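> Below, each chain spelled out in residue letters.
2 protein chains.
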Amino acid sequence: MQVAASSKDSNFTTIPSRSQWNIDPDAAYLHYTTNETISGVEFHAVPEVDGLPLVADMSSNILSRPVEVRRFGLIYASAQKNLGLGGMAVVVVREDLIGQPLPGTPSIFDYRRQADNGSMVNTPPTYAWYVAGLMLEWLKEQGGPAAIEARNIRKAEKLYAAIDASPFYSNLVDPAARSRMNVPFHLMDASLNNRFLADATEAGLVYLKGHRSVGGMRASIYNAMPEEGVDTLISFMREFERKRG
Amino acid sequence: MQVAASSKDSNFTTIPSRSQWNIDPDAAYLHYTTNETISGVEFHAVPEVDGLPLVADMSSNILSRPVEVRRFGLIYASAQKNLGLGGMAVVVVREDLIGQPLPGTPSIFDYRRQADNGSMVNTPPTYAWYVAGLMLEWLKEQGGPAAIEARNIRKAEKLYAAIDASPFYSNLVDPAARSRMNVPFHLMDASLNNRFLADATEAGLVYLKGHRSVGGMRASIYNAMPEEGVDTLISFMREFERKRG
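Residue numbers (our numbering), protein chains in the order written: chain A, 26 to 270; chain B, 26 to 270.
No lab work stands behind these hints, which were simulated from the structure alone. Treat each hint with caution, since some may be false.
Note that the list lumps identical chains together, so a pair holds whenever it fits in one copy or between two copies.
Unchecked claim - In silico SDA-like links for lysine to any residue, alpha-carbon gap of 25 Å or less:
no.: 1; residue 1: K234; residue 2: D214
no.: 2; residue 1: K268; residue 2: V28
no.: 3; residue 1: K268; residue 2: L55
no.: 4; residue 1: K33; residue 2: F134
no.: 5; residue 1: K234; residue 2: V146
no.: 6; residue 1: K165; residue 2: Y185
no.: 7; residue 1: K234; residue 2: T151
no.: 8; residue 1: K33; residue 2: S132
no.: 9; residue 1: K183; residue 2: S132
All values reported here derive from a predicted model rather than from experimental measurement.
Model the full structure from these sequences, guided by the hints.
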């Protein structure tokens, strides 16, 4: 594996510009993750890679927006955020990339066998599959990926705007790379973190604790989070700041 | 892979006696499946293998009886019959067999990493795990594996007895190797198969169609099937024979 680009220098708050990527001319494919849930960084455009097969982990933002599938060699997503339950992965793979598994590849990961058997080489994760179907029906009722994208943009923009407008909260991610799914933020006074979480829980706002590796707070606002949920969080944050700021 | 023994000559209706097995002296382990669901063949004793690590696929009869775990190097079971839902596998592995994964083994199949991380190297199949917990609680309430084994023996014995007592039905599996979980049987007059299935469905007895590779009927009587369900099936079979035999 060769790393084509890293944002480690910015503590993972940016996406290195495409011109700085160092792609191995012998590479078989280029892999990237379309949304990163810990720091809250998301690609808002598909990178140009001159015909190299693009492999994308879309686990945390699949179906949050329309995707031009034809631009990818392979898309995969563990289905537990916008689609289904933990214990299932969805793979979309270009026909010509199927059929050359490494020796020793377990048969359930041989895409040729899966494609030839309706994704049922083994008993599939039936319940997760069923729930994914319900979520796809729900998404259609919402108007599909374009409609959900518009809502996701509104949700994210108002939350980032509230954070940026306050001296009490901060988010350090480059605005061009901010995630619409995961909005991490810090209280400038970290000694108030536990108070914030306790008050939030009391107000019915849960799971706001940031990932242990970065601390602070994180609002995950996947498709299932209604716009009213974000409004409630923003009101709570303003009120908390008024009381404790 | 070397096949130590096969019952192909008997059309998979027997288990070759241990003395006939041809075990490679250089083998790293011996693998067998403790219950075979299609023909309905089950090992009722753990084979003696002179210290060779025994690897067992217990997917279809785990927790249907007590098991002397110490006799196995590794036990695995896809959890969708007596434990949990499709989309989860349970692995019980001897400490000294952990930690030598083949190069390229995905990290979720590296038992050292799983053991060190509470089986949560990745997000686990949470719902299947939760359901497995409910099924384990239920099993305890039933009296545990010994109590469920006694019930499973009663269920299987009365169903095989009904089949053997009738000239209308047959099961060709060696009585010493008959499965307690899956009881396949044939109507001697196969032209009545569709009638049998339709009448059974009308009587509330479903999923009795045998596996497509062997045809006929199959009653899967896992832990969750109460004894009354088997009694109802036997009554139905007798009545069907009386009307159509």
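> Against this structure, judge whether each hint is valid.
Going through the hints against the structure:
For the identical chains of this complex, K234 and D214 are intra-copy neighbours only, at 15 Å inside a copy versus 66 Å across copies, given an alpha-carbon limit of 25 Å. In this homomeric assembly, K268 and V28 never come within 25 Å of each other (Cα to Cα): the closest approach is 46 Å inside a single copy and 73 Å across copies. With identical chains, the CA atoms of K268 and L55 are never at most 25 Å apart, being 49 Å at best within one copy and 67 Å at best between copies. For the homomeric pair K33 and F134, neither the shortest alpha-carbon distance inside one copy (32 Å) nor that between copies (29 Å) is at most 25 Å.
In this assembly of identical chains, K234 and V146 lie within 25 Å of each other by CA distance solely across copies; the values are 20 Å between and 39 Å within a copy. With identical chains, the CA atoms of K165 and Y185 are never at most 25 Å apart, being 27 Å at best within one copy and 50 Å at best between copies. In this assembly of identical chains, the alpha carbons of K234 and T151 lie at most 25 Å apart only when taken from different copies (20 Å versus 32 Å within one copy). Only between protomers do K33 and S132 lie at most 25 Å apart by alpha-carbon distance; the minimum there is 23 Å, versus 36 Å within a single protomer.
Neither within a single protomer nor between protomers do K183 and S132 lie at most 25 Å apart by alpha-carbon distance, with minima of 46 Å and 39 Å respectively.
Of the numbered hints given earlier, the model fails hints 2, 3, 4, 6 and 9; all others are met.
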